Structures are given as structure tokens and as C-alpha cells.
Amino acid sequence: KPVGIIMIPVFFLAEKNFKDRLKFLFIPFIAFGFQFIPYIFTTNPFEAFLIYTKNWFYNGLVFNFLNHFIHNNQTSRMICSGMLFILVLPIYFSKKKWEDKIYYSLIMLMIFSPVVHPWYIAWVAIFISLNQKWSAIVFTAACSLTSFTLINYISTGVWKDYWLVQLVEYISLIIFICLEFFPQSQNRLYKLIRQPVEN
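Going by the numbering used here, the sequence shown opens with residue 78, and the numbers climb by one from there.
Simulated from the structure, these hints should not be mistaken for laboratory data. None of the values given here were measured: they were computed from a predicted structure. Note that beta-carbon positions come from the ideal geometry of N, C-alpha and C, so glycine has one too. Honestly, I wouldn't trust all of these hints.
Pair by pair, the computed Cβ-Cβ distance ranges are [as the list claims (entries may be wrong)]: (1) S221 to F103: 38 to 44 Å; (2) G81 to L166: 43 to 49 Å; (3) H148 to S206: 39 to 45 Å; (4) M155 to K93: 31 to 37 Å; (5) Y135 to Q112: 25 to 31 Å; (6) P195 to K96: 35 to 41 Å; (7) L241 to S206: 27 to 33 Å.
Turn these sequences into a full structure, and let the hints steer you where they fit.
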């Protein structure tokens, strides 16, 4: 799962001992590879995954925006992957707590992922109790709007992403992320809001 891959660097960098760092690299990959051993000589274990990545997309704002102009699923995915990699690196090497690093890395994954089903955001919801981030609350609440796609599909048989839903969902998330990631911006916004009230 991409979620697991996103988490590995955080745990890797959190360890001081080189041997412990290696454990976080090798144990997940050994466990991942071991389960494919029965299929390695009879079929392509990644066939279903490749079909999925070529044809499926849902509720991914950045991906949908890029693909609207590029019209190439694979190219749009590669660009999103590159953007994700560039943005998670500063998070990994920041001085934030490991919980915050995982949380913001997961958020970046959701923003640049081609497929974001509501149940994927359960990973984000876990951190509501750990980090108490408003961005997590807003995102988990706003993702319920994606049910319009399902309702439309049941009613008409057409699977359609709604741009307005994605804009509400992701723009509100990005605003709260910026306020949380840059506390000075949050203080300035608080002063701007409070000043007219006091006057």
C-alpha cells in the first residue's frame, strides 16, 4: 500500500542506530515480497495493479486537473508522483514530531493521488485523536460530499467526478494545512479576524 511506503522514511529517519534503520527498510520489503512467491512463476503478480493504475481514477483533484489537459493517465500519474516526492522530502527532514511527519505525508499522498475513496481517508482520521488537527476534521467531513458521485452512478449509470465537490474538499484542506504548517500565518489570520470584532 502507498500509505505504508509513505510511512517508512519517517520511521527510518527517527532511528538513531544504523542497524535499526535497516530493519525498517528490509522487514517491510521482505514481507511484501514473500507473499508473491507462490505466484512468481505462474502469473504476473502485478497484473491487477497495472490494470488499476492505467484505468481508474476518482476524487483526485491534482490528478484530474493535470489529466484534463494531458489526456494521458500514466503521464499524469508520473507527474503527480514527482510532485509528491518533492513535497514530502521537506516534511521528512523537518523538525516536527514523527506523528506530524506521518500525518502531513499522508495528506500529501491524498492530494496527489489519482484515487481517493472516502475510506482511504480513514488513515487521516486516525490522527484526529493523536494530533488534533483541524485539517483532518475538515477533510474527513468534506470527503462525504463525494457520495454525489455514487448517487449519480446509481441513478444514471454514469460515473462522474464533480469539480465543485473536489474544490470544496481540497481547497479547504490546503487552507488549514497552510495555517497548521506555518503557525505565523495562523497568528496573522487570527489577528485579522479578531481586529474588526474588537473595534
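Here is what the structure says about each hint:
The hinted window of 38 to 44 Å between S221 and F103 holds, with their beta carbons roughly 39 Å apart. Checking the proposed 43 to 49 Å range against G81 and L166 shows it is violated: the Cβ atoms sit about 18 Å from each other. In this structure the supplied range 39 to 45 Å holds for H148 paired with S206, their Cβ-Cβ distance being about 42 Å. Between M155 and K93 the beta carbons are some 35 Å apart, a value that agrees with the proposed interval 31 to 37 Å.
Between Y135 and Q112 the CB atoms are about 26 Å apart, so this pair conforms to the stated range of 25 to 31 Å. A hinted range of 35 to 41 Å for the beta carbons of P195 and K96 is consistent with their spacing of about 40 Å. Checked against the given bound of 27 to 33 Å, the beta carbons of L241 and S206, roughly 31 Å apart, stay inside it.
The structure shown violates just one earlier hint, number 2.
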